[in-house]
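**Q** Chain by chain, the residues run as shown.
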Amino acid sequence: MSDIALRMDHVFKRFRRGELHDSLRDLVPALVKRAVRRDRERALAPQEFWVLNDVCLDIQRGETVGIIGHNGAGKSTMLKHLSGIMEPTRGRIEVRGRLSALIEVGAGFHPDLTGRENVYLNGVILGMTRSEIRRKFDEIVDFAGLEDFIDTPVKRYSSGMFARLGFSVAAHLEPDILVIDEVLSVGDFAFQRKGLEKMRAVAQSGATVIFVSHNLQAVAEFCKRTILLDHGRVVADGPTDGVVRQYLDTGALEKGHRAAGPVRVARAAVTGIRGETSRFDSGTRARVDVDLEANTVAERVAVVLELKNTDFYEVFNTSSERLGHPPITLAAGERARCTFEVDLHLGPGTYYLGVHLYRYDRQQSYDHVFPATSFVVAADRDVRGAANLYPSVTGFAVQPPGPVPVEPAVSAPASAAAP
Amino acid sequence: MQWLRELMRYRELLYMLSWREVRIRYKQSVMGLLWAVLMPVIITLAGVIVRVAVAKVSGRTVSGADIGAIGVKSLPWAFFISALRFGTMSLAGNSNLVTKIKFPRLVFPLSAVLTSLVDFAVASPLLLILLPLSGVRPSLAMLWAPFLFLVLVAFTVGLTVLCSAANLFFRDVKYLVEVALTFAIFFTPVLYDADMAGSWRWLIMLNPVAPVLEGLNAAVVHGRQPDLLWLGYSAGIAFLFCVGGIAFFKRLEPRFAESV
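Protein sequences, first through last, are from chains U and F. Per this note's numbering, residue 849 is the first one in the first sequence, and the count goes up by one each step. Per this note's numbering, residue 233 is the first one in the second sequence, and the count goes up by one each step.
These aren't lab readings, by the way, just hints derived from the structure by calculation. Fair warning: there could be bad hints in the mix.
A few chain F residues facing chain U, derived, Cβ under 7 Å [claimed, not checked]:
{"hint": "1", "residue": "GLU244"}
{"hint": "2", "residue": "VAL254"}
{"hint": "3", "residue": "ILE256"}
{"hint": "4", "residue": "PRO336"}
{"hint": "5", "residue": "LYS482"}
{"hint": "6", "residue": "ARG483"}
{"hint": "7", "residue": "PRO486"}
{"hint": "8", "residue": "VAL492"}
Note that the structure is predicted; figures quoted are calculated from it, not measured. All C-beta atoms in this analysis are idealised placements derived from N, C-alpha and C, irrespective of residue type, glycine included.
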């Protein structure tokens, strides 16, 4: 039992919807109410809900654990409890060892201070000592790739540079337990890779890593064990593969997806030419219908489709706009349907379709649902991978000695054959 | 007392946050360090004008000691109001740190007090010029000054800690503090002496800052021992605020992250 790094024991946390009493004149009635009742024991008032509901959790030293769940499932709240920023309404949390939480990169950065000054400031805020930072300073700057700008005020940095420096400081902490919230989604692709590598190194050094992310691919790659949260409850806890599958199968749409924005994805469906909806033969022509519903006026909406395989690798991505169809504007309450036609030249396997409603001219995201739906593709021949190139073997024999004969290309287009 | 041990562990953070404030304040301004000097100088000048005007009306004269007294009281007063003003907003102003990172929240109001202390230290050499000019000579009683100032710092810490936490829960607290500070100079013997109130002196001395300022005046300018009875009262209040304010703060601390 001594190997437990972190334990949550029947943890409850109550939140209130709507406004808290924010000014002094609301205080008196609230105080009277509180004096009459004991806070810990009481049941939920109508405005309240459990953002964490009876969470029990044991995490062993050296484990890498992912936490996934839909928006509002309680992931961030859970992290804030683990890192001690919030305290539970009920229950106990035990942490053994030095814990560092990366909930925001560049916390405490001040735009008027130089990169160098901010590294020290941020490092100390994250719990390093100044001598520790002095020792690792060159390494930190080197990792961020900002040697030439380290004495420039960070207000002149691009947002990518800002994030890289912030992440770099954080990556050089040496905690026993590292809690990370989505921070890997900063910077360009190369830097994200670098960040993930660094996290892996931290994990390999024997630290416990807890990773909260929407990036299922990163979770799948990085964490052996994953916890699925839904409405503040742990609904699944086990090997990443199975838990992620369960998460995807529950699907965001079926869960009563509600986007706060002006327009949301109401439904997405794939239908094959023979009317099939969940299992398709490789190469089948299919229709993708996306139904949208506007809450308020939504201008210049375009529909983006993304298709991912079970490794969450993006197999395919397209959009109405990029295919040349102009965006549409919806009035409040209006519905619309966008229909794509595709040929499913896919390798056998399970695929997840995500839908993104996007406004291109403002680069504004209206709604993003992943996965909106999923389906299975079967192939008649044994091919593997994401695509089906319909291979066949046309020759396989031992060659006679002598020069290798040059064969003409297979059914080359007429124009290419006649120069 | 556990908070004190915790605070010791985070003293580097306290240092860095104060350093950040000082650095920012002096970095991007044309006046730089002069900022720290400006406030007490303006208060002193205002005081001198008021004194001269009052003297003209009542037909008295303004002595050098009167001017010295205003200088001696303006500096600590400038410290007090700037610490309280910045400190009250320190928690709400750093809400991204309060909601994202775990460390003792006391460092925020304390660093505001420390920052104002730095300003005070920068401005205090002014007195070395002003006092000799107003005819004040060194005396043994001046040794009271550090102790008197310590009482003021303790009171400031208590009040600042209290207000910063209150401001997080009720955003109108900072306006209350602002209004209170604007008028406080009328109720505090900075520009005038408590003795000028005659038999109402006790009313003015009830303000915990008043005995400190009057004590500084007595000890530094006049070379006398401060009024120990009132000083004891002031120190007692300062102690109560310090202990009570920190206890209040620690009690509410777990709820800060949700209330921002």
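**Q** Are the hints correct? Go through all of them and say.
**A** Going through the hints against the structure:
Taking 7 Å as the C-beta cut-off, the interface hint given for GLU244/F holds, the closest approach to chain U being about 5 Å. At about 11 Å, the closest approach between the beta carbon of VAL254/F and any beta carbon in chain U exceeds 7 Å, and the interface hint on this residue is violated. At about 5 Å, the closest approach between the beta carbon of ILE256/F and any beta carbon in chain U falls short of 7 Å, and the interface hint on this residue holds. Taking 7 Å as the C-beta contact cut-off toward chain U, the hint placing PRO336/F at the interface is violated, the least distance being around 11 Å.
Interface restraint check: LYS482/F against chain U, minimum CB-CB distance 12 Å, threshold 7 Å, status violated. For ARG483/F, the interface hint is violated, since its Cβ never comes within 7 Å of a Cβ in chain U; the closest pair sits about 12 Å apart. Hint status for PRO486/F relative to chain U: holds, with the closest Cβ pair at about 4 Å, below 7 Å. Of the supplied interface hints, the one on VAL492/F is violated, with its beta-carbon coming no nearer than about 10 Å to a beta-carbon of chain U, more than 7 Å.
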